[in-house]
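Okay, here's what each chain looks like letter by letter:
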Amino acid sequence: MNVGTYDCIVVGSGIVGAACAASFAKDGMQVALIDSLGAGLLATAAGMGHIVVMDDSPAQFLLTKYSQNLWLSLSDRLPPTAEFQKCGTLWVAADSEERSEVERKHALYQDHDVPTQILSKNELAVLEPELRPELEGALLVQSDAVLYAPIAAQCLTLDAASHGAVIIDSEVISIGQGVVNLRDGRILQSQRIVNAAGERSPQLTPGLPVKKRKGHLAITDRYPGFLRHQVVELGYLKSAHTLSADSVAFNVQPRITGQVLIGSSRQFDTTSEVDHAILGRMLARAVEYMPRLASCSIIRTWTGHRAATPDKLPLIGPWPGDETIFLATGHEGLGITTSLATAELLSAFFSGQTTEIPIEPYLPARLGEGCHA
Amino acid sequence: MSKGIELDCDVLVVGAGPAGIAACVSAAESGARVILIDDNPKPGGQIWRASIQDPANPKSHDNDAASWLRRLQACSARQLLSTRAVACLSEKCVLAENENGSIEIAFRHAILATGARELLLPFPGWTLPNVFAPGGLQALVKSGLPVHGKRVLVAGTGPLLLAVAAFLKSKGARIEGIYDQASWRRIIPFAMTLIKRPTLLVSALVYRASLFSSPLRYGWWPVSASGEDALRLVTLTNGIQTKTIACDMLACGFHLIPNTELQSAFACKLVEGKALVDEWQKTSVNGVFSVGESAGVGGLDLALIEGQIAGFAATGKEASARPLFPKRDALRKIAAAMDRAFAPRPELRDLVQKDTIVCRCEDVPWGKLRQHHSMRHARIYTRCGMGPCQGRVCGAALNFLTGWESGAKRPPIYPVQLSTLIREPQATPKEKP
Amino acid sequence: MPDLVKMTIDGAEVNVQAGATVAAAILMSRSGFRRSVHGELRGPVCGMGICFECRATVDGQPQQRTCQLHCKDGMVVNTDE
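Chains as they are written, first to last, in my numbering: chain H, 1 to 373; chain D, 1 to 433; chain L, 1 to 81.
A few of these clues could be false.
Each computed DSSO-like pair below joins lysine-lysine, with the alpha-carbon atoms no more than 27 Å apart [to be verified]:
no., chain 1, residue 1, chain 2, residue 2
1, L, K72, D, K42
2, D, K409, H, K211
3, D, K269, L, K6
4, D, K368, D, K409
5, L, K6, D, K171
6, L, K72, D, K171
Examples of chain D residues lying across from chain H (beta carbon under 7 Å, computed) [as the list claims (entries may be wrong)]:
no., residue
7, I188
8, L276
9, D278
10, H377
11, G407
12, R410
13, P411
14, Q417
15, I422
16, R423
These are computed hints drawn from the structure, not numbers from a lab.
Note that beta-carbon positions come from the ideal geometry of N, C-alpha and C, so glycine has one too.
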């Protein structure tokens, strides 16, 4: 039973899908946005909601910087329940090697007009007194922010709807050749089907080079004033680097409630149960950097799965295996940050306009053989 | 960082209320190495909680308490009090916490006697200071709160109301009334079943006699509580008339619901909010038993019997357990009748107003919740259930109001000190920068 | 004569019967117990460590469930109020 033909069908209303639907609807496209769960209930709800400029590669740097600016522009229009805070990120150095890394990052970010500030050991202690005093200083990235992602995804979905997008509460069984099949037997058609299903995207597009990368988080009770910035160890990048080993890294975030959100861990594990061993390591790492976290009360822990690609860049653009399928997935730990830029890139691509930043590094075709259906 | 204490035993009993004590004693007297943990500083759970004014005598009209507690102290079981089970590290290992740190307890069999908590339903004013759960007020009075001369109104439903009212009266409270939402049509058949268990019926009559000066009404329920900084007035209705009563304290609760968080952590099957158990009190998970209120609210005698059955079954003494089956089965029937008699009526779903707080930890009102279609949705979009009570209070209320199930629980099953969850890496951490 | 325990609640010295819980001690010695996240007045409800409405700062540690804590000599308790 055909329920309609659309200019574009977006599958998945996580932060990426919702951003895409909003952008395409504003461009005047007839959009359908499909999700069986509700907006932002998988990785979007599980993650940290950190909007961060990262420089693992030039392409990642450009994408995160572009997207962060988009978030800053959007932030005024987000409701208080989206809990947007421009608290900044502190990349902390534990030794002299990391201190050099601080200098390098500072130079790079400054060159690209991302405001940063190098903090000495003492300045860092003043800004974040709970950090152990033996650290070697930090890089402060003032324009980084945090938000409560499920509400942001919900807002983007409502934005899409207010511009005419049709929101469909249903499970998608298959997509391809211009057709989307729903669980209840309904069929939608479009020449532009965007797979924004994150950790579930390979189920819809077989052969997609996306793997689930499990993460753990823990949240404390309310301790207002304990933490002011998102604080991340420079070793975080190494953790995000390793493609095989289980790893943890110190990464904490102040929530507007005064709770401290503690991450992060990475494992190639598709199960959802909390893994006590890696959770325990993650918390041990956190206490190494902030000793008094040890006596804070943890009220909840949970897991989520990031959609990870082989080269740590997302898949944005046409899928070579099917000319009606486009990808907006594989964002690993940067889905929140790069969701808005992903939407803009695809919007520009669809309307034949020049993209704000080059889209080539994120095109699915870059991965060559592995991604043909 | 030290790894915390590691213990092991044949049988771990979680919960030192009557069911846990019975399980612990039965297992220990059968020769097993038993560890008993409970988050209270003394054994006895709620029903056998000793009053600080009278610490030698646990509050009970029942001589069983003294004798069971004596046997507990005499048996070889190791008691870890003020110790709370917080997670399952594996099917054979529980993580617990006390003020000294974390404890990992390995076991061959676990008997979960996690008890029950009171069902609290929201109505306008239910969050005012001096509105208590009935068992909660009793516990606070036993632990030092004076109620002499205070006007106390008791409402809600369940056998606990009479027991608590009688206790409070004995401590000098003025009981303004006991209002149970159960209707006479349901209470009378239930009272008939108690003819077979005359001790229960006698207790109820004894309570009633001691409360002769206070109105006892069935078929009435609270619609609102009001006051400035604390409770002053409570309005009740029977669906036709209303009355407003001035009082200092309201003890309001709607019977009991099993505590099954630890059972969930073990992935035991739950049915209708209680652990599914076989005739030996075994759950769906190998080596894990559930007894007492956690396997279905049913009172003291049932808890003692089930505890014994599990204690024997966990130590190969099935022959000692089997003779207890008929009494257990009979008590289960009474428990089921009790559930039916005191089932909360549908009108209680209409008490919440748009601005009535449902999630107390996060101040989420009903108006923000009713548009969602699952507990998970409600939690993610409104923060309901994200507070330290981990959805115990609001989850139970919402389950009654909407039918929403609470869904899978992640560890810890209570808030814990972060250090309790720390595990040092096994190998040298090459990935450390 | 029952044993007494000397403790401080919100700066005031209080004598409480040994064995009493901190929640009972707070209720006995002052009006106002704590406030909800949006500032509503609250007090203990369940008496058994489930509802978390009895939280106070005890000996410098915030978010303690006082209905499950026994009063000790020299204990310093601070409520929201």
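Each hint, compared with the structure:
no.	hint	verdict
1	K72(L) to K42(D)	holds (16 Å)
2	K409(D) to K211(H)	holds (25 Å)
3	K269(D) to K6(L)	violated (48 Å)
4	K368(D) to K409(D)	holds (23 Å)
5	K6(L) to K171(D)	holds (24 Å)
6	K72(L) to K171(D)	holds (24 Å)
7	I188	violated (45 Å)
8	L276	violated (21 Å)
9	D278	violated (26 Å)
10	H377	holds (6 Å)
11	G407	violated (12 Å)
12	R410	holds (5 Å)
13	P411	holds (5 Å)
14	Q417	holds (6 Å)
15	I422	holds (5 Å)
16	R423	holds (2 Å)
Comparing the model with each numbered hint stated earlier shows that hints 3, 7, 8, 9 and 11 do not hold.
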